[in-house]
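If you're matching them up, the sequences are chains A and B in order.
According to my numbering, the first sequence is numbered sequentially starting from 1.
According to my numbering, the second sequence is numbered sequentially starting from 1.
I should point out that these hints are in silico values taken from the structure, not numbers from a laboratory.
A few of these clues could be false.
Said to hold, decoys possible - 27 Å max Cα-Cα, derived DSSO-like pairs, lysine-lysine:
#1 A:K105 to B:K105
#2 A:K376 to B:K410
#3 A:K114 to B:K183
#4 B:K70 to B:K391
#5 A:K69 to B:K105
Unchecked claim - If you want the footprint, here are the derived chain B segments under chain A, 3+ residues with CB under 8 Å:
#6 75-83
#7 319-329
#8 396-405
Said to hold, decoys possible - Just some of the chain A residues that point at chain B, by a computed CB distance under 7 Å:
#9 A45
#10 T47
#11 I50
#12 A83
#13 T93
#14 T217
#15 Q375
#16 I404
Ideal Cβ positions, reconstructed from N, Cα and C, are used throughout, including at glycine.
Protein chains: 2
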Amino acid sequence: MRPTGRLQIGNYFGALQNWVNLQSDPANDCFFFVADWHALTSDYADTSAIAENTIQVTIDFLAAGLDPKKSIIFLQSLVPEHAELHLLLSMVTPLSWLERVPTYKEQFENIRNKDLHTYGFLGYPTLQTADIVMYSDPGKALVVPVGEDQVAHVELSRELVRRFNLFYGFNVSPEIFTPQNRKLGRNVLFKLLDVPSNDPILPEGQEITFEQRTMATAYIRQRVLEMGLANFFEKLPAALKPFFSFSSVLEEPDVLLTKTPRVPGLDGRKMSKSYGNAITLSESDEDIRAKTKVMVTDPARKRRTDPGNPDVCSVYDWHKLFSTPERDPGRLDWVQSGCRSAGIGCIECKSAMADNLIQWIAPIRERRLHWEANQKGVLDILDAGSTTARKAAQQTMQRVRDSIFHWAQKRAELL
Amino acid sequence: MRPTGRLQIGNYFGALQNWVNLQSDPANDCFFFVADWHALTSDYADTSAIAENTIQVTIDFLAAGLDPKKSIIFLQSLVPEHAELHLLLSMVTPLSWLERVPTYKEQFENIRNKDLHTYGFLGYPTLQTADIVMYSDPGKALVVPVGEDQVAHVELSRELVRRFNLFYGFNVSPEIFTPQNRKLGRNVLFKLLDVPSNDPILPEGQEITFEQRTMATAYIRQRVLEMGLANFFEKLPAALKPFFSFSSVLEEPDVLLTKTPRVPGLDGRKMSKSYGNAITLSESDEDIRAKTKVMVTDPARKRRTDPGNPDVCSVYDWHKLFSTPERDPGRLDWVQSGCRSAGIGCIECKSAMADNLIQWIAPIRERRLHWEANQKGVLDILDAGSTTARKAAQQTMQRVRDSIFHWAQKRAELL
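Next up, chain A with everything else stripped away, as it sits in the complex (with noise of 0.2 Å):
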């Protein structure tokens, strides 16, 4: 979550809620983390609201529910690895990828005010790869929960690291290029990978050199990046097996996707701060009440006395959220049968849903006031969190370094 202020129910319901389920289930290890690298991105020339946001937005996790003890909370920022893992993925980032993502011109035509023709925001998607696959434990799920609107990033990370495992993951072992596996080399594997039998990569006969044997490892990376992982290794044929490894040095992640409920705005529109449609997570009672009562309904249902369509008015999306079956049994009931039956007013629907609102938020905002006033205690939460993930990160990265210098090897070789 970037740190762009506090957060309102439509952040709830779209991922704070699911976040809660998650950690909740002990066969997961959740990492949650307030982005302010990513800020950056796009906020590069005003930062002085980052640290208060910063605060601010853990103290709405911990409102909504995230327990420390249950997830590890972190600070981006205080996870250095981050910015190592997303230089070294950069190196075998296409340009192309980056530019092609849907979210990267969209952002340039809705937000005018600032200038996002900078290298970092480019990146984006690259630092997003890096913020998740760090958290790789191999051989285990890597999930990321995210709504529709952010499947194409995770789709992104997923070739990604696919990539990034191919060119560190898998080993050419140079003994495919001595001229005694020559024809092994060109009469099996690459008819395997579809070479065509002109192409001179691998000159038959002499002694292959160093940039020679470069280039051929990268053009069966290629082909195999192509054909993919698994379906060349199915093909391989017996004889060719002992030139080939592959381990995986980061998982490639899944998207989790959260059924995110409709929470239109106080007007209809979509809830966001910039519109002043929002509740926030510490909104008051007397607030709720205020703002909940002019509300934009059903349009078609002018007088008190037209029956109303539940289906398209905002207060009934919110009754949905709020009027639960366990905290109000039969409410719904009797706003869709009231409503269409004008048996009930908007002004009594919207009250009946403000209860019930003001029920809901009463345990959050409670918390929310209790963190507030012991904002020291949120920083030590961050801290230790990010004590904790920089420990798994740091062993992601001794995994990824290695597996792109070889010091580990060199280092033996050299003692």
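Here the structure of chain A is known, so what remains is to put chain B in place on it, guided by the hints.
Okay, now just chain B, sitting in the frame of chain A:
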């Protein structure tokens, strides 16, 4: 220096010689490093030789006379702070600056066997800037010893630092936006900044919102960047001075132009490993004699009896490097007059040059052989140097992080 393999005499005269001179001045704090992350920008597809080349390049550093007691010799990837500074600088790096770097497009034309359309390769100059300015010491000059071809990169670094400092070292007090100061802002500041009088920033009368303040601040920064910071402060009237402050976070680097003598390869073309026309720093006497014997000379001197022109002869270029007055007094005059009068033959001339080259290379090669036999010691030097460099880097990063996020102040508030 990138770890691309063993260095040759061209690298010595192009860079190392100058570095050794720099370290001998106790007024300088010298940092020299092996840029293994930079190697990835173009060689990500085969990294198998990077660790070995890192050792070899470091041996060449030591062979040339770099002394870990006088200079900090380190490995880039052992100082991960470089990645974090690169990430932070990336946020304020305009894409157009990178796309316009003269060497960027050149590389695409010259290097055809590698796919350089990656995010990492595009960001090369930003990473280079991080490498340089990491060793900023506020108020102390920061110089980069480079050849002509690198001047444009250092110029980009200067511009990037200027931009970074303006975002994070130039403070605009929010007080300038309060209604009581509005007139001062509109009438005096805006005139100074040449803001068109119908510009909608800072609307009159009303309380300014956070978003308006952000935009106005960004606008002021942009104008100050355009007019130059020194110029701005010079013209700033006394009444406005309390609202603006500046302290540079990073130092702008200066170029220390290396006088690079011409060191052609054995065949008269540019000396390059891939042309096979180089002499390495560990070349044996026998190889030196054999290789120099067939060096290309003045092509117009076809027969022994033809007079020659040393000014177009690669052998004479090499004489100037090795047959110095201290080593072989009178030798250069001997070549000049003997060649022009056909008094000496090319074989004689090459042999005299080879004698001096062999004398010159002896101590370098000896040091090289010493360290080749003691590679663990080389690694120890890199490790120790990296630890020292990291301490300096951490100080810089403390300053950089705080200039962006202001956590020191925030933490103090929460205690």
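Structure-based check of all given hints:
| no. | hint | verdict |
| --- | --- | --- |
| 1 | A:K105 to B:K105 | holds, 24 Å |
| 2 | A:K376 to B:K410 | holds, 10 Å |
| 3 | A:K114 to B:K183 | holds, 26 Å |
| 4 | B:K70 to B:K391 | holds, 17 Å |
| 5 | A:K69 to B:K105 | violated, 52 Å |
| 6 | 75-83 | holds (count 4) |
| 7 | 319-329 | violated (count 0) |
| 8 | 396-405 | holds (count 3) |
| 9 | A45 | holds, 4 Å |
| 10 | T47 | holds, 5 Å |
| 11 | I50 | holds, 6 Å |
| 12 | A83 | holds, 4 Å |
| 13 | T93 | holds, 4 Å |
| 14 | T217 | holds, 6 Å |
| 15 | Q375 | holds, 5 Å |
| 16 | I404 | holds, 5 Å |
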